[in-house]
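Student: The chain contents come next:
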Amino acid sequence: MATETQLVDLFAAIQQQFDAETSIREAIREEVRSLELSNRKLQTLLSQVHQPTADDAQICRAAAPMFVEVAQALSKIAAKVPAGQFHRYCDHWKFSSQQSVFLASLVVYLESETLITFEQIREKLGVEMGEGDSFHLALEDYLFALCNLSSELARLAVNSVTAGRFDRPFRIANFVNDLNSGFRLLNLKNDGLRKRFDALKYDVKKIEEVVYDLSIRRLRPDSAPTGSSSGASSSGASTATPMS
Amino acid sequence: METESAAAAAAAAGAPATAPKRRFEGGQRDACKVEDDASTCLTKAAKRVAVDTSNDTPTMTLFRQFAATMDAKNDRHERLVKLSRDLTVQSKRVIFAAQRATEAKQRDAIVAQALQTLEDIRQNQIRPMAVDAYSMRSRFESRYARAYSPGMQEYIEAVSFVHYLATATLITQRQLEEQLLFDEALSVSIDLCVSVRFFPVTITDYLLGVTDLTGELMRFAIASVGSGNQQEPMLIGSFVRTLTQVFSLLTGTGIRDLPAKLRVMQSSLEKIEQVCYNITVRGSEIPKEMLAQAAQFWSSSSATTSGPGDDYAGGAGGNQNDD
Chain A
1 MATETQLVDL
11 FAAIQQQFDA
21 ETSIREAIRE
31 EVRSLELSNR
41 KLQTLLSQVH
51 QPTADDAQIC
61 RAAAPMFVEV
71 AQALSKIAAK
81 VPAGQFHRYC
91 DHWKFSSQQS
101 VFLASLVVYL
111 ESETLITFEQ
121 IREKLGVEMG
131 EGDSFHLALE
141 DYLFALCNLS
151 SELARLAVNS
161 VTAGRFDRPF
171 RIANFVNDLN
181 SGFRLLNLKN
191 DGLRKRFDAL
201 KYDVKKIEEV
211 VYDLSIRRLR
221 PDSAPTGSSS
231 GASSSGASTA
241 TPMS
Chain B
1 METESAAAAA
11 AAAGAPATAP
21 KRRFEGGQRD
31 ACKVEDDAST
41 CLTKAAKRVA
51 VDTSNDTPTM
61 TLFRQFAATM
71 DAKNDRHERL
81 VKLSRDLTVQ
91 SKRVIFAAQR
101 ATEAKQRDAI
111 VAQALQTLED
121 IRQNQIRPMA
131 VDAYSMRSRF
141 ESRYARAYSP
151 GMQEYIEAVS
161 FVHYLATATL
171 ITQRQLEEQL
181 LFDEALSVSI
191 DLCVSVRFFP
201 VTITDYLLGV
211 TDLTGELMRF
221 AIASVGSGNQ
231 QEPMLIGSFV
241 RTLTQVFSLL
251 TGTGIRDLPA
261 KLRVMQSSLE
271 KIEQVCYNIT
281 VRGSEIPKEM
291 LAQAAQFWSS
301 SSATTSGPGD
311 DYAGGAGGNQ
321 NDD
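Protein chains in written order, with the UniProt record's numbering: chain A, 1 to 244; chain B, 1 to 323.
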C-alpha cells in the first residue's frame, strides 16, 4: 500500500530529527558539566570571604582568571546550540549560567559595593544580556542571580561581625534594601522568580537583625551609613525592641 | 492579576490625560489586525500615570525599566494564550462539523465547507499569533511557542482529520507549514513593516495532533457504520493500524505527553478493530436498515464513546478524555 510506505518514510525522517536532537542535547550536557565545574571552583574560592582573615581584594584578583574559564565554558555551550533554537535547549544550562552571573555579581560587590551591570556581565562572562533566539542571558537569569546575591550577602553580614568588621553589615543592609525595593517594582508572575523573590525578605530580615544587634550595643562605627533606604526602618527586627 | 491591579490603579488615578494616546494605539493595533485587549492598553496607561520617581535610587530606576520589559513580554504571552484558546474552540467546531460527513452524498460538501472554515481560522486566529510570535527585529521567537501549543495541536488535529476525509492520507508537517505562509507584509508598528513569511509547526505539536486524530477517526468509523457505510471502518482501521505501527518506531522523543497519547491511540485502534470484526461476523445477518441501531450497540459495548461534545469544555488540555 502506497500510503504505508509513505508513512514509514515520513516517520523515519521524524526519527532522524529526534536522533539529531538527542546528540545535540548530549553534547550540550557535556559542556554544561564543565561550566558547573568552573562555577564550583570559583564558588570555593569566593566562599573564603566568610573567613575572619579574608583579604577581599586578593580573592577578587584570584577570581579573575577563573572567570575566563567560565566564559570559555559558556562560549562552548553557545557553539553547540543550533542557530535559532536557543529556547529549545536553554533549560540545560539556565541554572548554571544563573550561578555564573551570581558569582560575577558577588565579585563586583566585593570590589566596589555596586550592583553588577549588564556591561560588567559581558566583560566577565563574555555573554550578552538580551532576548531573542541567539545565545544570551535573560533578564530572569540576572534577577535570579541577584536574589542569590542577597542570600550570600546576608551570610556575609553575619560573618563580617564575627570578623570584627562592624561597618560592613550597615552597607550590606543599604544595598540589599535598595535591591528589595527594586524587586517590589516588578509585576512578577506566579513563577519560579516570584518564589525566589518571596524568600528575599528573609535575607533582608537576617541582615536587619545584625544591624539591630550592632546598633543597640552601640557597635555602629561612625563611618557606617545611616539607614537611608525606606524599607530599612520598618521591618520585623526593629519592632521587636526589648529595651523598654 | 497584575494586569487587573494595574487597570484598577489606572481607573483610580482617573487616566483622562492618557486617553487620546490610548485611542491612537488602539487604532494602530487594529490596523495590523491584532485583537488588542483593553487590559493591555490599561497597563500601558497605568504606567504613564505619573509615578513619583523623585526618591528613586539608581537601582529603582533600573528596575522600573525591567518592569516595563517584563510587562511587555507577559502581555504578549497572554495575548498568545488567548488566541490559542480561541483556536482550540474553533478547531473543535471544525472537527464536529466534519464528523457529520459520514454519509457519502454529503461528504464532499461538508469537507469543502470544513476546508473553507480552516482557511478562515488561519487568517483570523493563526495570523495574529504569527504577528505576536515575531519580535520587532522580525525574528521568529520560539520562546512563545509554549503559549500557543495547545491551540496548534487542536488545529493540527482538525486539519489532519479533514485532510484524511478528503484524501485518505496523513497530512505532513511540511504541508501544514505550507498552509501557514503569511507572505504579505504585516505592519507591526508605525515605522516598521515586518514580513511574516513562515510560522513553524513544531514536531511536538504535529505528533500530538496526529495522535488525537486517531480518536476522531475512531468516532468517524463507528458513526459511518451507523450511516450504512461498512467500507469506511475497514479503511480507517488499516490506516490507524499503520499509524500506530510507525508511531511505535519512534524512540527517545522526549515529548512528555506522548506515551499517554499513544495508549489512547492503541485503545482507539482496538475499538475500530472490534467494529470491523462485528461488521464481518454479523454484518451479513443484519438487514441494512437495522445497521444503525446495531452499530450503536456495538460501539457502546466495545467502546464507551460518548458522542462529540464530551470534551468541548476541555479547553487547552486537548483530548485526554478520548476513551
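Possibly wrong hints are sitting among the right ones.
Stated by the list, open to error - A short, non-exhaustive set of chain B residues, derived as facing chain A with CB atoms under 8 Å:
| hint | residue |
| --- | --- |
| 1 | R64 |
| 2 | N74 |
| 3 | A166 |
| 4 | Q230 |
| 5 | G252 |
| 6 | L258 |
| 7 | L262 |
No lab work stands behind these hints, which were simulated from the structure alone. Just so you know, even glycine gets a beta-carbon here, dropped at the ideal spot from N, CA and C.
Student: With reference to the structure, classify each hint as holding or not holding.
Tutor: To see whether the hints hold, each was checked on the structure:
| no. | hint | result |
| --- | --- | --- |
| 1 | R64 | 6 Å, holds |
| 2 | N74 | 6 Å, holds |
| 3 | A166 | 14 Å, violated |
| 4 | Q230 | 20 Å, violated |
| 5 | G252 | 5 Å, holds |
| 6 | L258 | 11 Å, violated |
| 7 | L262 | 13 Å, violated |
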